[in-house]
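**Q** One-letter residues, chain by chain:
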Amino acid sequence: MPETLGTREVKPPLLGVSGVEVRYGAIQALRGVSLSVGQGDVVALIGANGAGKTSTLRAVSGMLKPTAGTVQLAGQDITGQPAHTLVGKGMAHAPEGRGIFPNLTVLENLELGAYLRSDKAGIAQDLERMYGFFPVLRERQAQLAGTLSGGEQQMLAISRALMSRPKLLLLDEPSLGLAPQVTQTIFRILREVNAQGVSILLVEQNAHLALGLAHWAYVLETGAIVMEGTGQALLASDDVRKAYLGE
Amino acid sequence: MLRTTSTLVVAGAACALASWLFASSQFFALQASLVGVAVILAVSLNLINGITGQFSIGHGGFMGVGAYVGVVTSSLLTQFQLLPGAPQVVSDQLVLLIALATGGLAAGTMGFLVGLPSLRLKGDYLAIVTLGFGEIIRVAIQNTKEIASDELKLVQAQGIGAELAYRVTHLGRATGLSQIPQLTSFGMVWFWVFVVVMVTRRILGSPHGRALLAIREDEVAAEAMGVDTTGYKVRAFAVASFFAGVAGALFAHFQAIITPAQFDFVKSTEIVVFIVAGGLGSTSGAVVSAMALTLLPEVMRSLFGGFNVEQIRKPLFGLLLVVIMLTRPQGLFGTHELWDLGKRKKRPA
Chain A
131 MPETLGTREV KPPLLGVSGV EVRYGAIQAL RGVSLSVGQG DVVALIGANG
181 AGKTSTLRAV SGMLKPTAGT VQLAGQDITG QPAHTLVGKG MAHAPEGRGI
231 FPNLTVLENL ELGAYLRSDK AGIAQDLERM YGFFPVLRER QAQLAGTLSG
281 GEQQMLAISR ALMSRPKLLL LDEPSLGLAP QVTQTIFRIL REVNAQGVSI
331 LLVEQNAHLA LGLAHWAYVL ETGAIVMEGT GQALLASDDV RKAYLGE
Chain B
38 MLRTTSTLVV AGAACALASW LFASSQFFAL QASLVGVAVI LAVSLNLING
88 ITGQFSIGHG GFMGVGAYVG VVTSSLLTQF QLLPGAPQVV SDQLVLLIAL
138 ATGGLAAGTM GFLVGLPSLR LKGDYLAIVT LGFGEIIRVA IQNTKEIASD
188 ELKLVQAQGI GAELAYRVTH LGRATGLSQI PQLTSFGMVW FWVFVVVMVT
238 RRILGSPHGR ALLAIREDEV AAEAMGVDTT GYKVRAFAVA SFFAGVAGAL
288 FAHFQAIITP AQFDFVKSTE IVVFIVAGGL GSTSGAVVSA MALTLLPEVM
338 RSLFGGFNVE QIRKPLFGLL LVVIMLTRPQ GLFGTHELWD LGKRKKRPA
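Residue numbers (our numbering), protein chains in the order written: chain A, 131 to 377; chain B, 38 to 386.
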């Protein structure tokens, strides 16, 4: 059993992952990962390179098929279901490395985020909401997405994921390769997005930032969860400080 | 829908008129037909390679399937009077349309069957599968038997089912099928050019087109947006194969002779050169470059007299491809379209 720090506020469950294992050929990347995200939660997954953070996220979003274990979304079993079917069930994934469509315009990228929706008025409303979060996207809406800066591309990737009106947003390393100031902006918006009712499962190498935002966090080490707790409690823990905060 | 029907009717009438006007010049009719077939092949392959971003080098194989199935269909049908009392031209064109439909559907079905397992593969692997498919078609045809006229007469007496079975297993080996009725007018070819261009444009303007572009740009992200990537790739593949089959059936019915060697790897590569030169993803680029590169050997023939152009065509195409890659890797048009020229420039290049 992983060590638990602090007490968790009980919320109705949204995502339940239990005993998930993932293999890449002979290599076992995940050795029975269990975690949960409650409605309205921000949950962070921290750990070193190769600990299995991205694999966990990909197993949740259906991009990887787990060899064992189950994934449940809002009480429904979604284990091993293809990724594209989960978008309609309320899950949006902003993949690692941003994955924007470089030769399409910013607006086209955002419209593709709402690919499964047909309510035009709602889409237009959400588009305004995204431009409200990141005004720079409005200025650049007719520009090819590949010409945006790294930070702007990350803003676009997050906005695009939000355009499907998800209940749960999966984010893979939103701070990767960005200037600290840009990262600050993005995390401020994430807090706002969460306040509007979207639950977030966040994978992040920048443990300091992630723990500052998260209600609850898990520490992954070589494919298994070794510690969990409230963001604040983990920030205060000596083990975490030594291993992940460089102190 | 009404607009689509009326544009189709107008295009059909225009093509028929042109056919009638230029019917006296056989040379013109043949060149126009060859160019038209090349354009259909290029525009349809562009749907897979340019718009969906997959890499197929087996388009010649699908063309071959359409050609052979089309010829088997028309040779069965020409024996019957489909429309009693109608003039010969009308029943001929009806036979041709049925042959084009069966050829196209056979190739489309084949595209669906090949695509279903192989479109889970990416990049080079898909290219290898499509290459292998083209070769399988060629080798399979080469291993059928030749038609013997006395045998055929015996079989024909046994009814249409027996004849169909005989014809399907007797595709003429490497020497191919000859004496195919020349039912295709170049007007018919260009009518299909019009259809394939319009279908591609309509797909691109729809949410389906967006999904295809998203797959080209980033497959993982497209999947994360809720796009059924495998489903869309298979559909694009089947549609493109359908048109390759139609092109093959059209080709067979003006060339009068088809051999498996006409649909080999070299043919598939030629179509790839068309769309790379025109700009992957640009339908107008595919049209323009298929026209130019098909006419190029003819132009050179008239420039250099009796010089045998066929011999240097392949090295010329290879050289052209290298030059394009070095000097203008995005091709003639990039991803732009002729019909977007008038519009306000939405995407700064």
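Hint data in this document are derived by calculation from the structure and do not stem from the laboratory. A couple of the hints might just be wrong.
What the hints assert, rightly or not - Here are some of the chain B residues that sit facing chain A, going by a computed Cβ distance under 10 Å: (1) A55; (2) V257; (3) V264.
What the hints assert, rightly or not - So the derived list for chain B, only partly shown, Cβ under 10 Å to chain A, looks like this: (4) S43; (5) G49; (6) A50; (7) A51; (8) L54; (9) E183; (10) A185; (11) D187; (12) R247; (13) L250; (14) R253.
Backbone N, C-alpha and C define an ideal beta-carbon position, used for all residues, glycine too.
**Q** Work down the list of hints and note, for each, if the structure agrees.
**A** Structure-based check of all given hints:
1. The beta carbon of A55/B comes no nearer than 37 Å to any beta carbon in chain A, farther than 10 Å, and the hint placing it at the interface is violated.
2. Residue-level restraint check for V257/B holds (minimum Cβ-Cβ distance to chain A is 5 Å; threshold 10 Å).
3. For V264/B, the shortest C-beta to C-beta distance to chain A is roughly 6 Å, which falls under 10 Å, so the interface hint holds.
4. With 10 Å as the threshold, the beta carbon of S43/B stays out of range of chain A, its nearest partner Cβ sitting at about 28 Å, so the hint is violated.
5. Annotation: interface hint on G49/B violated; nearest CB of chain A at approximately 34 Å, more than 10 Å.
6. Of the supplied interface hints, the one on A50/B is violated, with its beta-carbon coming no nearer than about 37 Å to a beta-carbon of chain A, more than 10 Å.
7. A distance limit of 10 Å between C-beta atoms decides the matter here; for A51/B the minimum to chain A is near 34 Å, and the interface restraint is violated.
8. Annotation: interface hint on L54/B violated; nearest CB of chain A at approximately 40 Å, more than 10 Å.
9. Interface hint at E183/B: violated, since its Cβ lies 48 Å from the closest Cβ of chain A, which is beyond the 10 Å cut-off.
10. Below 10 Å, beta-carbon pairs count as interface contacts, and A185/B has none with chain A, the closest being about 53 Å; its hint is therefore violated.
11. Taking 10 Å as the C-beta contact cut-off toward chain A, the hint placing D187/B at the interface is violated, the least distance being around 57 Å.
12. For the restraint placing R247/B at the interface with chain A, the shortest Cβ-Cβ distance is roughly 6 Å, inside the 10 Å limit, so the hint holds.
13. A hinted interface residue such as L250/B counts as satisfied when its beta carbon comes closer than 10 Å to some beta carbon of chain A; here the least separation is about 6 Å, so the hint holds.
14. With a least beta-carbon distance of about 8 Å to chain A, the hint placing R253/B at the interface is held under the 10 Å criterion.
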